[in-house]
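Line by line, the protein sequences are chains A and B. So that you can map any letter, position 543 of the first sequence is 543 in the numbering used here, and since no number is skipped, the others follow by simple counting. So that you can map any letter, position 50 of the second sequence is 50 in the numbering used here, and since no number is skipped, the others follow by simple counting.
No lab work stands behind these hints, which were simulated from the structure alone. Treat the hints with care, as some may be off.
Under the rule of at most 30 angstroms between Cα atoms (straight-line distance), these lysine-lysine pairs were calculated in the BS3-like manner [what the hints assert, rightly or not]:
#1 K3/A - K77/B
#2 K83/B - K3/A
#3 K91/B - K3/A
#4 K3/A - K56/B
Where chain A lies over chain B, by a calculated footprint (3+ residues, C-beta under 8 angstroms) [said to hold, decoys possible]:
#5 12–26
#6 76–88
#7 94–108
Beta carbons are placed, not taken as given, at the ideal position from N, Cα and C, and that holds for glycine.
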Amino acid sequence: MNKLRAFWIRLINTLRRAPSEDFADELEAHVAMDAERGIRYGLSPEEARRQALIRFGGIAQAHDAYAGRQGLPWLESVLRDVQYSVQSLVRNRLVTAVAILSIGLGVGSNTTIFSIVSRFVLRPAPVGDPGTLLSLHIMHDGDRCCNQFPWPVFSDLREQATEFSDVAAYFDLIPASVSGGSEPERVWGQGVTPNFFGVAQLRMVMGAGFSDSEERAPVVVLSERLWKRRFNSDKGMIGKTVILSGHPFTVSGVAPAAFHSIDQIINAEFWIPLGMTPELAAGLPPRDSREFHWLSVIGRVRSGLRRKDVAAELGTIADRLAASYPATDRGNHFVFEQAGSLPPFARSAVLLFLSALSIVVLLLLGIAGFNVANLLFAQAIHRQREMAVRLALGATRGRLVRLVLLESLLLGLGGGTLGVLLSLWSTGALSSLRLPAPVPLNLQVSIDGRTLAYTFLLSVLCGLLLGMAPAWTASRPRIAYSLKQETGFAATGGRFVARNLMVIAQVAMAVVLLALTGLFLRSLESASEINIGFRTRGLLLLSVDPRLNGYSPSKISAFLGQLRERAAALPGVDAAVCSDVPFLTGGNRSDGFTILGKAAKDDPSVLADLYMVTPGYFAALGMPGLAGNDFRQGTASGPPVAVINKAFADRLFSGTDPIGRRIEGGGRTYQIIGVVGNAKSRTLGEDTRPILYRSLDQSIADDPSMMGYTLIVHTPSNPAGIAQALRRAVYQLDPTMAVYNLETMDEHVRTAYVLPRVAAMLFGIFGGIGLVLATVGLYGVMTFAVARRTREIGIRMAMGARPAAVLRLVLRRGMALTFTALALGLPAAWVIAKLSSSFLYGIKPHDAVTFTLVPAMLALVALNAAWIPARRAASINPTQALRME
Amino acid sequence: MSDKPDVWQGTLALMVLRTLETMGPQHGYGLARRIEQISGDLLALNYGTLYPALLKLEQEGYIRSQWGSSENNRRAKFYELTKAGQRRLRKAAGEWKQTTEILARFLDDPSEA
């Protein structure tokens with residue numbers, strides 16, 4: 001404590017640099033008092049003072065020791081060096097600015113990408129002791145990973161597993177409408193076993209989780225976010241009642257805002273006991289079935305146990321279950337990962353995408369780094385005279401190295417600071433993107449402590465690496481030459497080799513970077529040319545889920561009918577239709593279909609996406625009818641009919657007329673009444689999917705939509721203008737009905753473009769920066785190289801070399817470097833392109849355009865970069881060149 | 001140079017604290033003289049190290065200083081023990097006593113060593 005106090009005082013003294021005149025007075029008083037004593041003994045005042053001074057010893061040393069104790073001498077010396085470095089950086093303003101900007105762009109790109117990696121790959125779930133919480137999955141032999149749990153398998157596992165202190169299950173997503181207060185809102189929650197919060201060791205903001213007796217009690221844990229948004233952070237919320245989709249629930253706790261869900265991606269805002277879930281989510285599988293996989297499972301490992309033991313026990317349990325229930329459980333085994341990791345099905349794709357991005361930004365930083373290194377290197381050569389003077393005046397080489405390193409370290413940190421600022425902006429922009437998904441996702445990315453630490457390390461590393469070459473050069477000038485104002489090593493070749501290597505590395509990196517960028521940009525280009533199969537102009541979407549308000553299917557059907565009538569009556573509206581989910585929402589229901597009576601193995605079958613639509617749907621969306629008819633009004637009670645798209649017809653009927661044919665699938669039989677054009681169903685990038693449209697009124701009773709229903713309205717004027725009128729139309733029918741996804745079709749489709757757009761945008765930005773940096777670097781290096789050879793060129797020309805020969809000489813050198821770099825970079829780009837092929841829309845990874853354009857462009861840039869200084873060299877007057885330097 | 005032993009490392013602070021405790025507020029010169037007198041003029045106090053040591057104690061909060069007038073009406077800086085200094089002194093003194101007692105036992109009675 002006292003030591004700390006002393007350190008603090010000394011630190012403040014150092015920073016203030018207050019001189020201590022106080023101490024001079026104190027010493028003077030000491031000597032004077034000592035002298036007085038001498039005078040009392042009879043000495044003359046002069047002699048007394050002289051003896052007092054002798055007795056005191058070294059006054060100067062005392063001053064030094066005192067000053068040393070007052071401040072922190074080592075810090076002072078560092079500060080002096082920093083001050084000197086800053087002065088030197090300010091003196092070379094232009095170089096400093098370019099260096100900081102380059103490093104800033106490079107580091108900023110890396111920080112941005114790392115913040116994404118940190119968020120999705122490195123961050124543990126926001127639960128207590130995340131290291132011992134596992135997510136469990138079932139994997140069936142030969143299938144892709146992974147499946148969820150049937151209830152009986154979960155309860156067997158919970159009973160038998162001894163390596164776990166407890167195991168909990170939850171149902172991923174329950175939609176509910178919250179009413180009360182302002183407009184009703186649709187929110188999403190999860191149904192959990194009562195021990196869920198205990199297993200997760202989630203520390204509640206208020207209240208508590210569920211007790212074991214509350215398996216079927218109407219209690220709810222709210223997320224802090226929902227509590228703030230809907231209930232004004234009411235401190236007395238515990239014990240109060242909230243209405244979820246018309247059912248009263250008593251609030252038992254408030255979970256922290258940072259907790260969205262175990263998987264960290266789904267954005268859940270309330271949790272209810274699993275036993276209460278059927279109240280809010282219709283059509284849940286029966287609990288006693290071992291066939292329906294519907295529960296996610298987490299398990300808390302007893303601390304100190306190893307993964308191997310856990311895996312062994314889970315293996316044993318799986319074997320036991322397979323023996324007891326061969327019909328359902330054979331071939332199943334359990335897999336697990338730390339809770340909060342990326343979901344297994346998405347892991348490889350996400351990791352691949354992030355690795356591609358990481359490679360790109362590291363290349364970018366590499367290019368920027370070589371630029372700055374070149375700049376500093378050139379500067380170091382110019383500063384040889386300064387260094388030589390310092391050496392001659394007695395500075396040690398170590399100190400010179402320290403100075404130069406400190407300078408580049410400051411550059412690195414300056415660049416890092418700029419980089420953090422840049423990435424604060426970029427992560428903000430990334431977080432505001434909406435992804436096309438039917439469920440609420442939390443994809444917030446921000447700069448966390450881990451990212452800051454990474455950025456700091458990267459900046460320091462950058463600074464040190466950049467300073468290495470200049471420090472070496474600066475500390476070893478040949479004093480004699482340097483003082484005579486000649487460059488100490490104009491003739492030595494070794495350093496040019498180093499520079500050549502740097503140019504080659506830089507251009508090679510640029511090739512890889514630009515090739516990747518080019519591919520992704522071409523991919524975006526082709527994505528924007530995708531024919532989505534329906535019109536986007538003039539359409540407005542609005543979704544409701546009357547089921548959440550307790551509507552029966554027939555009542556929903558009536559409600560949607562009334563809503564269509566009211567919408568159609570709005571001024572300017574010429575069509576109002578309904579569907580379950582709109583196109584391009586990311587996922588959809590699908591079933592396998594066969595021609596009725598031909599369900600044998602060899603008969604054609606087709607896996608088709610299912611949509612419920614109302615009459616007039618195809619006309620409203622501008623989809624061409626190819627054969628047959630649209631649905632007719634008032635067919636709810638007739639035999640089930642369907643309209644198929646062209647892909648469906650081609651796949652199942654291969655050329656024969658499908659109209660009037662009967663098909664079966666998903667336990668139902670349909671008669672085909674029409675064929676319409678293809679449309680993109682789930683994502684823009686998909687291959688054309690077969691689609692079966694069925695009548696909404698016919699299907700709603702025995703197969704209701706879990707995702708709600710969407711009203712689609714067409715108007716020749718601006719659709720956004722009728723949004724409020726449409727919302728009012730809903731509230732007029734039922735003021736408690738939650739309205740969501742109110743948007744124009746243009747907005748909706750733009751959301752679907754978000755992934756290719758973001759990817760292309762990221763690659764485009766990084767590629768653009770890389771190209772600029774590489775170009776600047778090439779010019780710099782070439783110009784500098786020629787400038788160094790001015791004298792040599794002068795001699796050559798004095799000896800009779802013609803300008804054309806000089807031009808050739810310089811150009812040949814530049815192009816040799818460039819082609820070496822291309823030869824190295826292209827194969828690397830080729831390999832990386834192959835790896836990232838799964839993100840490319842409609843473009844082959846070895847796209848000819850990209851792989852011709854990029855090297856050609858770089859060669860052109862390099863040629864230019866060599867040409868300009870070469871021209872200058874060739875036009876040199878030999879006498880002048882010889883007098884230079 | 002004299003053959004008087006130098007002040008051992010770390011003991012100067014203790015002596016300063018103890019002297020301030022017995023004498024009350026005192027200036028640097030007075031402290032130096034007093035320490036020399038108490039040691040029976042056996043110690044050679046390096047005045048050059050006294051003042052940094054005083055500064056250190058002040059920075060650590062064991063003493064505080066203030067300008068005042070000496071007995072001869074000379075302006076001088078007076079040092080005074082703080083509460084923390086008293087605690088520190090008691091603790092350090094206890095430790096030193098124990099150390100010296102143990103050492104004394106070894107040195108006084110060679111048969112037990």
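Consistency of the hints with the structure:
no.: 1; hint: K3/A - K77/B; verdict: holds (23 angstroms)
no.: 2; hint: K83/B - K3/A; verdict: holds (16 angstroms)
no.: 3; hint: K91/B - K3/A; verdict: holds (16 angstroms)
no.: 4; hint: K3/A - K56/B; verdict: holds (9 angstroms)
no.: 5; hint: 12–26; verdict: violated (count 0)
no.: 6; hint: 76–88; verdict: holds (count 4)
no.: 7; hint: 94–108; verdict: violated (count 0)
When held up to the earlier numbered hints, the structure conflicts with 5 and 7 and fits the remainder.
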